[in-house]
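Please model the entire structure based on the sequences and the hints provided.
Residue numbers (our numbering), protein chains in the order written: chain A, 1 to 70; chain B, 71 to 560.
The set of hints was computed from the structure by calculation and includes no laboratory data. Just so you know, these numbers come straight off a predicted model, no measurement behind them. Every residue, glycine too, gets a C-beta built ideally from N, C-alpha and C. Just to be clear, a hint being listed does not mean it is correct.
[Said to hold, decoys possible] Think about it this way: if two alpha-carbon atoms lie no more than 30 Å apart in a straight line, the pair counts; the simulated DSS-like pairs of lysine-lysine are:
1. B:LYS394 to B:LYS91
2. B:LYS92 to A:LYS41
3. A:LYS10 to B:LYS92
[Unchecked claim] What the simulated footprint calls covered on chain B by chain A, stretch by stretch (three residues with Cβ under 8 Å from a Cβ of chain A suffice, anywhere in the stretch; the number is not a length):
4. 83-89
5. 143-151
6. 281-290
7. 319-326
8. 455-462
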Amino acid sequence: MGELSEQVLKRCRSSDAFERSLYEELVERLRVLRVEPVQIKPYTARSWIVPVATVAVIVIVYFAYVFTAF
Amino acid sequence: MADAQQDIKSEVAFGFLPVLKKDRIFGWWDFVLIQAGFGIAAWCFLVGGLTGTVLEGKYAIWVILLGNALPVLLILPFALQTARQGVDTFIAANQALGYRFSQIFFVIFAILNLGWITIACFMLGRSAIKVSAEFGLPEFLTTDTTGAPIYSIVFFALAMYIAWRGPVTIKRLARVGVPAILIILVGLIVVVFAKYGISKVMSSAPSAPYETLAESVTHSLEWNVGLGFSWLVYLGQWCRMAKDESGAINGTYLGYGLILNVAGIFGAFTALLVGSLDPTDWMIAAGGDWFGMFGLILLILANLTSAVVLIYSQSLSVKTFLPKTKWIWAVLTCTPAAFLMLSPTFYDNYQKFLLYVSFIMATFGGVLVVDWLFLRGQRGDIGALYDRGNPQYRYWSGFNPAAVLAIAAATAFYWWTYNPVTDVAGPLFAFLGAGIPAFFVAGAVYYVVAKTVFAGQYAADREWRRTATAVPVQAPALAGEAILESASDE
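Shown next as structure tokens:
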């Protein structure tokens with residue numbers, strides 16, 4: 001847990017209006033994230049079933065069907 | 071134009087800032103639609119066409135599926151990082167690479183992006199010369215050496231103008247361009263099934279195979295792997311808006327890893343039937359004069375849209391990196407692509423371009439994934455990702471030396487396994503190509519070097535140990551509340 005450095009804070013005082021508003025918004029958002037760090041529901045093992053299972057099938061078919069035809 | 075500039079500033083701000091719960095709007099189905107919509111374009115048909123010129127249909131299907139699905143699965147943990155942290159690709163990459171190395175990664179992305187822009191524009195140029203020939207226009211507008219570059223550069227300038235106009239104009243074009251590419255895909259499917267039949271596809275011989283089946287399979291696998299890994303740099307822009315991590319994983323995989331392959335597979339089938347890898351040759355050969363012309367016009371619209379989206383996304387990224395840059399200069403960073411359009415050489419060497427993409431994205435991908443999964447315990451300090459004054463991800467002058475060494479080692483491994491310049495393959499190439507093994511080499515070297523040579527030397531390692539029991543993602547404490555209050559009051 002570090003603190004925001006002057007590198008960020010000085011941009012909040014930038015003479016460029018766009019840069020200043022951008023970094024002000026950044027600081028505000030980081031403040032929100034500090035209070036509520038995890039914003040979305042984390043994955044579970046089930047989340048990986050479709051990708052892993054389909055790739056497993058593709059790899060098996062590749063080695064059993066294509067690779068053996070070499 | 072003032073409204074457009076405001077829209078652009080809003081998009082730059084949105085692309086730069088970490089998203090909050092209220093900004094997270096994408097479920098898995100949204101990911102599938104957006105990523106398939108963005109991804110199905112010239113490059114899918116071309117890589118499919120390349121595969122179909124060297125492989126029979128029965129093998130092409132599995133090579134395309136493996137070459138795209140496996141790399142996308144391998145880079146999914148990085149998608150997870152951007153989804154959890156709610157930040158874009160090059161901001162998330164600060165964590166593993168360090169600020170300055172991440173900037174270099176961005177420059178590499180920008181250079182490769184010029185290649186993708188060139189592919190889209192030159193395919194457009196080739197389509198235009200064929201339309202010109204049908205209309206009996208002067209010869210210099212119908213040849214590959216003069217007409218195609220002229221049309222490519224003219225439409226490239228138009229694409230830059232549309233990108234400069236901002237998101238409202240782009241959305242209008244996309245309403246035509248995205249359906250155009252989908253109509254082409256449906257047209258190819260109809261041609262394959264209704265005109266020729268699947269048995270004809272399966273019995274067709276490839277027009278330019280390598281000497282052995284092994285060479286044809288491994289080379290075409292490597293081209294597809296290049297396309298599969300190429301999505302690494304585009305993951306963050308969508309995944310950071312995920313409503314849940316499961317949606318980001320499955321939506322990204324289904325969109326980029328599986329559904330995109332429909333375009334590749336039918337591209338391969340059409341190339342087998344027509345005997346050419348170039349989609350601009352397929353239209354009239356497969357559809358006849360009228361449908362062919364219609365197909366070529368759709369191809370022009372689709373590629374113009376692709377070029378605009380690529381130019382716009384690169385310009386936004388430049389503006390995100392350098393917020394003070396004027397929008398016109400951000401757009402003009404794409405100008406060097408015009409030099410690649412001066413002759414058909416780059417377009418005709420698309421497969422070599424894919425090989426470079428393969429080794430670059432595989433090596434960076436291996437480091438990014440291993441860092442997030444195994445070195446940082448799927449945690450990160452979001453504030454430090456933005457704060458170069460914070461030592462957390464500064465490493466050695468902004469470079470993570472473990473990442474630099476790993477990428478150098480994996481690059482050497484790739485070139486030893488397969489030299490894309492000379493087309494000479496090493497002994498391991500026949501197994502799974504070079505890109506996928508290079509991904510694992512990069513990840514393994516990075517893990518070992520970070521855990522041994524550079525163990526505990528940088529703030530990122532020390533912080534990870536200190537906060538090992540903390541919440542998965544942390545934002546920093548804010549310094550100088552009074553200063554910030556006054557800043558926000560300005």
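Do the hints match the structure? See the list:
1. B:LYS394 to B:LYS91: 28 Å, holds
2. B:LYS92 to A:LYS41: Roughly 14 Å separates the two Cα atoms, so the pair holds.
3. A:LYS10 to B:LYS92: Holds - the C-alpha atoms of LYS92 of chain B and LYS10 of chain A are around 28 Å apart, at most 30 Å.
4. 83-89: Holds, because 5 residues of the segment 83-89 of chain B bring their Cβ atoms closer than 8 Å to Cβ atoms of chain A.
5. 143-151: holds (count 3)
6. 281-290: holds (count 4)
7. 319-326: Holds, because 4 residues of the segment 319-326 of chain B bring their Cβ atoms closer than 8 Å to Cβ atoms of chain A.
8. 455-462: holds (count 7)
The structure is consistent with each of the numbered hints, conforming to all of them.
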